[in-house]
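Peer 1: Letter by letter, the chains look like this.
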Amino acid sequence: MTPFQALDALLITPFRLFNQPDAAFLFGVLAVAVLGAAIGKGGAALVDHSQRSRRVQQESEAEKRSELSVQALQEGDKKAYLAQNHLAQEAYGNTLALAAGHGAALMWPACAILTWLSWRFEDAPMPFLWRSAGPGWYFIPLYIAALWAIGRIFKK
Amino acid sequence: MNKRHLFALAIATLAVSLWLGVAVAQQAQPAPTATAAAEAKPADAAVTANATDAAKAIPASTGDKLADAIAKAPRGTGPGQIDETKPTGFLGIPGAPNVSIILAFAWAVWVGWIFSTVGAFGGVMAGVGHMSVFGFGAYAGGLKKTAPDLGKVVTDSIKASNQFLVGTSAAISSFNYLKMKRLVLPLAISLGLGSLIGAYGAAALSAGKLDFKSYQGYFGIFVLFLGCWLFYQTTPGAKSKQKTAKAAAKAFEEAVKKQKCGEKVEECNLGLHIQRFNMSTCEFTFYGVPFHFNPLVPFLGGVVISAVAAFLGVGGGFLLVPFLTSVTQLPMYLAAGTSALAVLVSMITSIVTLIAKGTPIEWHLVGMELIGITVGSIIGPKTSKYLSDSLMKRIFILLSLYIGLGYTLAGFAGIKIPGV
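Chains A and B, in that order, are what the protein sequence lines are.
First residue of the first sequence: 1, per our numbering; consecutive thereafter.
First residue of the second sequence: 157, per our numbering; consecutive thereafter.
Please note: incorrect hints may appear among the correct ones.
Stated by the list, open to error - Chain B stretches covered by chain A per the calculated footprint, using a threshold of three residues with CB under 8 Å from any CB of chain A: (1) 267 to 275; (2) 482 to 489; (3) 516 to 523.
Everything labelled a hint here was simulated from the structure, so no lab data went into it.
Just so you know, these numbers come straight off a predicted model, no measurement behind them.
Glycine residues also receive a C-beta, built at the ideal position from the N, C-alpha and C atoms.
Model the full assembly from the supplied sequences, consistent with the hints where possible.
Peer 2: In structure tokens:
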């Protein structure tokens, strides 16, 4: 058995749990979405951990400059406000680029599973959708919902 | 505005963007004659596939547009022709470049490394990978005379892949700022609406119409502009301005330290209050300080920035915050949260529009690149301490000038410079 076949056998398992095809398909998509979201969240946590010191440095710089800019506003010092705001914006730009890794870690499982779903259900009509619709129309919203739900669970 | 409202707003925006995509898809495809549910293939119909089935090349998510373009392309072994005896490559096209997964992964590690050390230049490098390193650009360019439709589909796919790699990550990270409730709702609506129109317009109007050479030329101008801007930042004039700004910032910081009030601004008082909002004016106070802007300005800014981002396949997030802070003089504190909504709207709209227009994306290639970016982002912070920041900046300024010039010349003048 090749690694691809092993992965295929693993991913198809939840699609066989119900006899009714629509229910089986929808449950299977939900299961792989949750699995992918869990892997994505794990990867993102790993990226966050490795970038922690740099990220904290940039985020606290952005936060500090933002606070100072607002204080400058309160005191009516426009020159200081613009200067602090500019520095805050620079730090924000750095955090945005730094977050690309976090975003990529969250998304790669979705791309991998979507590739598998497109291959596995090629040309199969999707339940309750128009004829040309692919599995992504179910998978993507479920994946986003699963990411949100896992985020909430770990937050608690 | 509480968290629930913010979430509802984000969901509503997402739903509108998806609805637009569905509407376009339904227009492009024949309407279903009956519910698809009854025809659904049994979930594990393919389970019985034999080993050869399992090992078959995973096809890209092809639409009719790609199949039609392949069918129309001339057959043969010459340049710009489809050689059916050759193995399928990019997007399942026979004879197209077949990118090694190792190369795609290694290049993406490099892109991720740049993102986590140098910054937004990683996005440019992602584009360079698709266009030059993987050979998709040369392939699409070679189809210009023989199979222009196929060349345009390949160009759209390159653009969509760039945008997916660069912009979606930014959109996801922007979402965190959206959750922080730092939102000026009228401004967000104005900017978001402009972004929706700009992104949809650019993606819908350019899909299937842009040949690779033109795309390469415009992308080159963008990179050249970026390189010039980075270079300007290193000139004595710009450095002096930065020094003055930093000195003003430091002076104020020291003045604040002397004051006894050490509490965080968020806890101090007041917050954001909208005073007046109509078609021509939005007035609000933030921590007691009055601000006002014309809602038309962020609307137009949203249209232009999102249209450029969607047209070039780059993320617009890094342009929106400077736009908001410079044009509306909004504090970064609010600009980041407010622009996040526009970034999300713009990204979702342009990608959904491209896909709905039948633009194929090689998800397994994008997935592999995302793994590479993840790994590069993990390695980046661990290795950057051994490298000088200023040296890296200089290297990337030179790179962006060279790549920008190379792409512009190749795209618009047909002049090739080595390595690009």
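Peer 1: With reference to the structure, classify each hint as holding or not holding.
Peer 2: We went through each hint and held it up to the structure:
1. 267 to 275: holds (count 5)
2. 482 to 489: Held - the segment 482 to 489 of chain B has 4 residues with a Cβ nearer than 8 Å to chain A, which meets the minimum of three.
3. 516 to 523: Contact hint for the segment 516 to 523 of chain B vs chain A: holds, 4 residues under 8 Å.
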